[in-house]
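K.L.:
Construct the entire structure; sequences and hints are all you get.
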Amino acid sequence: MSKKPKHELENNKLNKRLRHAVGDVVNDFNMIEAGDKIMVCLSGGKDSYALLDILRQLQASAPIDFELVAVNLDQKQPGFPEHVLPEYLESIGVPYKIIEEDTYSVVKRVIEEGKTTCSLCSRLRRGVLYRVAKELGCTKIALGHHRDDILQTLFLNMFYGGKLKAMPPKLVSDNGEHIVIRPLAYVKEKDLERYAELKQFPIIPCNLCGSQPNLQRQVIKEMLNDWDKRFPGRIESMFSALQNVVPSHLADTGLFDFQSLERGQKLKHGGDLAFDRESLPQQFSDGLNHEEAIKVELPAPKKVINILASKPKD
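If you're matching positions, the sequence shown starts at 0 in numbering that gives the first Met the number 0 and goes up one per residue.
Mixed in with the good hints, there may be bad ones.
What the hints assert, rightly or not - Straight-line distance between alpha carbons at most 25 angstroms, and here's what the computed BS3-like set of lysine-lysine pairs gives:
1) 198 with 5
2) 45 with 228
3) 45 with 169
4) 96 with 75
5) 187 with 220
6) 267 with 162
7) 312 with 267
8) 187 with 169
Unchecked claim - The following label-pair restraints were derived from C-beta to C-beta distances:
9) 14 with 258: 49 to 55 angstroms
10) 307 with 239: 20 to 26 angstroms
11) 81 with 14: 26 to 32 angstroms
12) 268 with 197: 40 to 46 angstroms
13) 308 with 134: 29 to 35 angstroms
14) 90 with 12: 23 to 29 angstroms
15) 91 with 192: 19 to 25 angstroms
16) 197 with 73: 25 to 31 angstroms
17) 90 with 251: 48 to 54 angstroms
18) 258 with 228: 42 to 48 angstroms
Note that these hints are calculated values from the structure, not bench results. Where is the CB? At the ideal position from N, CA and C, for every residue including glycine.
P.N.:
Right, dumping it as structure tokens:
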């Protein structure tokens, strides 16, 4: 037997990596349950195309049944190629709905020339999508934000908003009526770029946003990309930090009861140790067994169906 070409092996590895990254976050956050009807928000960008593609793969093999419906909001931007998404979705046989709402004119009328349009555009878009999700009877709304988007949001909130806040993989929508999920939360943007090239998705650029090169998000993105090049592993470590939050070692009195602290109290994450590095040499140790000090009783985890498991055979 002849060996597979190198590029084919690399493509298979990429596809498998993306499937497992999506499957892992779906399992970790119990994103998809039997009988769900998931509205996949399709913008025409690489991220939402990949999201739909990978969810379709999981739908075909998962041990539970769930529905997918692709939804696109045509915001009436000048020159928007209206035929691209319907033709693509019909070619792959995915149920879809195109909503036409002239949010573009609203944004251009309200926002002064040269000012950032993203905030208003995003709020208008969310409102329309929430309404459509309710009309379609969807139980989940899937968005295409990836790992890099989540970290960028973390730094945007720290630098410009004074909050330690990012975008979670799963949350209740602004109006409280829907569950919003981000199945690409563990996926790197550079993997999505390669995947889009491999799949030859018909990408539609967003001219409304793309004409704003000085966006704060773009500045943060360039900073993180620079760190990724100069300090390999830093991005992974920062994302890991989002999953290892220690309220007792921050300064939010709403998250931790600092006022009631007493001597001798055992804390989940130990005492006044500022930086989690390697263990200290024995001669500098304080003599405490920190492993014992931080043990706590955790509730039994909720049983979740493994989305990466195979469908049961008839």
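K.L.:
Which numbered hints turn out to be false for this structure?
P.N.:
7
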